[in-house]
Amino acid sequence: MYKKYFEYFKNNKNIYLDSASTSQKPYEVIESVNEYYKKYCSNTHRSNFGNANRATTEFEDTRKTVKEFINARDTKEIIFTKSVSESLNFIASSFVKDRFDTVIISSLEHHSNIVPWHMQGRSLHNGLEVVDCDEQQTFDIEHFERLLQENKNAFVSITHVSNAFGKIHPIKNIIQLAHKYGAFVMIDGAQSLAHFPVDVQDLDVDFYAISAHKTYGPTGVGVIYIKKERLDDVKPYQVGGATIKDVTYDRSILLDSPFKYEAGTQNIAGVIGFASALKFINKMKYENLMTYETNIYEYLYEKLNEINGIILYTDSINCIGSLSFNIQGLSADDIGILLDKMDISIRCGHHCAQPIMKKLGINGTARVGVSMYNNEEDIDKFIKSLNRAIVILED
Amino acid sequence: MGEIEKRIDAIKEDFELFDDEIEKYEYIVDIGRSLEPLDESEKIDKYLIEGCTSNVWLICEKRDGKLYFKTDSNTVIVRGLAAILVKIFSNLSAKEIRDFDFSLLDKLGFSEIITPTRQNGLKSMITKIVESAQGENA
Chain A
199 MYKKYFEYFK NNKNIYLDSA STSQKPYEVI ESVNEYYKKY CSNTHRSNFG NANRATTEFE
259 DTRKTVKEFI NARDTKEIIF TKSVSESLNF IASSFVKDRF DTVIISSLEH HSNIVPWHMQ
319 GRSLHNGLEV VDCDEQQTFD IEHFERLLQE NKNAFVSITH VSNAFGKIHP IKNIIQLAHK
379 YGAFVMIDGA QSLAHFPVDV QDLDVDFYAI SAHKTYGPTG VGVIYIKKER LDDVKPYQVG
439 GATIKDVTYD RSILLDSPFK YEAGTQNIAG VIGFASALKF INKMKYENLM TYETNIYEYL
499 YEKLNEINGI ILYTDSINCI GSLSFNIQGL SADDIGILLD KMDISIRCGH HCAQPIMKKL
559 GINGTARVGV SMYNNEEDID KFIKSLNRAI VILED
Chain B
106 MGEIEKRIDA IKEDFELFDD EIEKYEYIVD IGRSLEPLDE SEKIDKYLIE GCTSNVWLIC
166 EKRDGKLYFK TDSNTVIVRG LAAILVKIFS NLSAKEIRDF DFSLLDKLGF SEIITPTRQN
226 GLKSMITKIV ESAQGENA
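In order, the protein sequence lines correspond to chains A and B.
Going by this note's numbering, the first sequence opens with residue 199, and the numbers climb by one from there.
Going by this note's numbering, the second sequence opens with residue 106, and the numbers climb by one from there.
FYI, nobody ran anything at the bench for these hints, they're computed from the structure.
Fair warning: there could be bad hints in the mix.
To be verified - Within a straight-line C-alpha distance of at most 30 Å, the following computed DSSO-like cross-link-like pairs (lysine-lysine) qualify:
#1 K233/B <-> K556/A
#2 K129/B <-> K582/A
#3 K539/A <-> K129/B
#4 K211/A <-> K228/B
#5 K228/B <-> K557/A
Unchecked claim - Residues of chain A placed beyond 10 Å of chain B at every Cβ, according to the derived structure:
#6 T220
#7 H243
#8 D330
#9 R344
#10 K426
#11 V437
#12 T446
#13 G507
#14 I509
#15 N516
#16 K582
What you are looking at is a predicted structure, and each value in this text was computed from that prediction instead of being measured.
For every residue, glycine included, the Cβ atom is placed at its ideal position computed from N, Cα and C.
Okay, chain B solo, but in the shape it has when bound (with noise of 0.2 Å):
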């Protein structure tokens, strides 16, 4: 199993400690108000993830041969999520982005990240964050 599948697995273990879905969203939420915002002069169109009614910034560093991604969202939920994707794909060499089996996000059961929807963007963070892996040597 590689790093990113166990990321994703410990993730899902602390999901499975609530009983119902709603509070694995109020804790989604709490996620989404304890990251770290960024700057407002972070938040321009170059890191712009445009979806419906919700808008993500998603920026990537590279430091010492890894990838790092920095994460905002003007909603609170999609923020939540945001900061979700950003744990599970920070801190790895582009190369293991790269290699990632990305269906395996489907194991968090989150329908706004795995559906195709135009509404918050999510998908598109994905993708963003597979294109900056692909953009990479290392």
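Okay, chain A solo, but in the shape it has when bound (with noise of 0.2 Å):
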């Protein structure tokens, strides 16, 4: 039902189940993104033309969008980036090195929120902490708390969704504890925005980074909101064009946030098309949207579950939008070739994971990536597929 506000699928006859790598572009969005181009294309915040006002106007207007998406109190606290990658790497190079002994992590981060700590000289058990989780892959609160009680200068960073398997960590619990014992809490919410709703105020947490390619957006814009309070120590990332105050040989005095972190000229299309995706969420709401991709989420898993030979990695409790496997006795990237071939569109490798992979005991997963444009019918054909691909390759 979802489908028809999606052009790819006009011009695609492919299943498409990898919207846990990126979704696809509502017309709104790519329309926006247009429009920019084609009728007020200019730099913002610099000039101050009537194309450039727009302009600089539209970029803020989207601030004040994800403001309110977020339920942020304040449009300092919404700092665009390139991405959770850029985001995630802002935070851990402004305002968490050097100032915290211990970074504390879950086993299923996306290597975003694991080598830019290695690159800190943090290693496990030596500046890392890994909070455990069982066979289902649920978050180990009691392990969490003790590593909090272990570790007195600790920053906590963790993903709110698994990007390889779907699991919602149970971030309002992780944060409420972790500021108990005094760390301050950033989240990877790469995976969050496009399935459920996020308020920052309520999850009380210190940093959360946005993607909007994976929210129905443009690819190359991020989101860090940055709580208010925190963000007198956060450095600028880097400096250069438009985060200028003033500026002798002798020193620079920089803007007020968000502009102090946002240096050269920014991707403007992308920020502006960025709003059109959240509110297309908001025409859409979210509300419907969860109950349906629950639905549709159950009816894959359940699907996979009746197939023989099938190894699944998690039940389907608190998870969305990804959903990993392998077949016994069969690799991931040949059923991935042979769906392909099938025009089932799937992703297989170790989703940027590889730590938990290793603990898995496995080289990767295929993983299915559902949204709000698939459907029961979609599953059907996947389902089909996947068991013709299966008899081929059995021996």
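Quick one: dock chain against chain with the hints and give me the complex.
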């Protein structure tokens, strides 16, 4: 029922089940990006002529839209980046480095929330701690509390939803517990907003990273929400054009947030397109999307579970979007190649989450990423094709 | 037309016998299954080309002025595709391989071979074949 809002499906016959990698874009997102380039392409925050003012206004209106969408208190808390990866690197470099003895992450992190800590010279039990999860990939909150007790000067950086397995972490509890022990918290929200609402005030989170392109918006745009109280302690990651109040050869005086954090010309069209994506979600209404997607996810889970030799890594509870599996004795890569030839698009591999794959003793998984535009017919075609692939690949 | 291009065209003709894409890949699975596996002692890091979840091993041997390749993979389709590449590039002089226009591999139509993906190691396998030829004077 939602396919009609996405032009991609007019131009492609494939069943797109890779939305955890990137989502398709609604017509209005593509239109708003096109409109910027066609009608008022100008730089923002610099020139004062008509189209430049319009570009600046649209850009800053997006900031307001994001602020309202995640219920931030102030537009100063909304900083545009190019991706969740950049957002996490930014906070790692500009706030965490040299301030915290320990960084605590979950077992299900994307490399974007592992490698920045390694780049700071941290390694497991040497400035980096990893919270255990059980065989269903459920976050071990008791282990987390023990780590907070043992590591007094800690920073917590946890994904909201696992990109590889779709597992939703109990981040409200995680944040409350971290704050109880005086730890600040950053949440990798790359896989969240496409599926359910996020209220940063209700969560009381310190930093929250958002991806536009996984949330029906353009690629090359991310947002890092920084709680107002933390802003004074976050140094600019990069400086240069548009970050400056006054410069002499002796010193630079930076603008206030958010501008001091947004050096250089931004992805203006992408940012403007992101506002359209968020408005589109509002129009579709999260409550409808959540019910619809949960039903599709459960239908997919049930159908996969009927396949002989299926290996699933989670139950269907507290999961959304991504569902990973393997077939006993077969390679995920081979499955992915054959499905591609049958016009089914899924992702196979380690999903930039090698540590958890190693912990599970596997090279990778086949991952289905469902979204609002998938329906039961898509799942049926996928299952039929998967069964055919299994027959071909089995001896 | 050079020897390598002739071999590519012959393989292409084989694949044109199949009506649909899936039958072609069933054939590749059969090629992968029938490939003589490498001895476990040969599956060492020196010969390993890592993909995302697929690994390919490639061994280059020189005999009588010609290069011969042996391959294996932990996944059956990649194994079949790797076997095809080995069939195309074995029993040739290094110069023949060096002089070959590798874009002609596109004729086979395997996106798995021609796409610079990190997924399956096949693109890296081609790079290794080229490097093997460049390291030889013949």
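How the hints compare with the structure:
1. K233/B <-> K556/A: OK: K233/B and K556/A at ~27 Å, within 30 Å.
2. K129/B <-> K582/A: holds (19 Å)
3. K539/A <-> K129/B: Answer holds: K539/A to K129/B is near 10 Å, not above 30 Å.
4. K211/A <-> K228/B: holds (27 Å)
5. K228/B <-> K557/A: Given pair K228/B, K557/A holds - Cα atoms ~28 Å apart, limit 30 Å.
6. T220: T220/A clear of chain B: closest Cβ-Cβ about 16 Å, beyond 10 Å.
7. H243: The claim stands: H243/A keeps its Cβ more than 10 Å from every Cβ of chain B (closest is about 37 Å).
8. D330: holds (25 Å)
9. R344: At roughly 34 Å from the nearest Cβ of chain B, R344/A sits farther out than 10 Å, so the non-interface label holds.
10. K426: holds (41 Å)
11. V437: At roughly 33 Å from the nearest Cβ of chain B, V437/A sits farther out than 10 Å, so the non-interface label holds.
12. T446: About 47 Å separates T446/A from the closest Cβ of chain B, which puts it past 10 Å; holds.
13. G507: holds (15 Å)
14. I509: holds (14 Å)
15. N516: Per Cβ check, N516/A is outside 10 Å of chain B; nearest 26 Å; holds.
16. K582: holds (13 Å)
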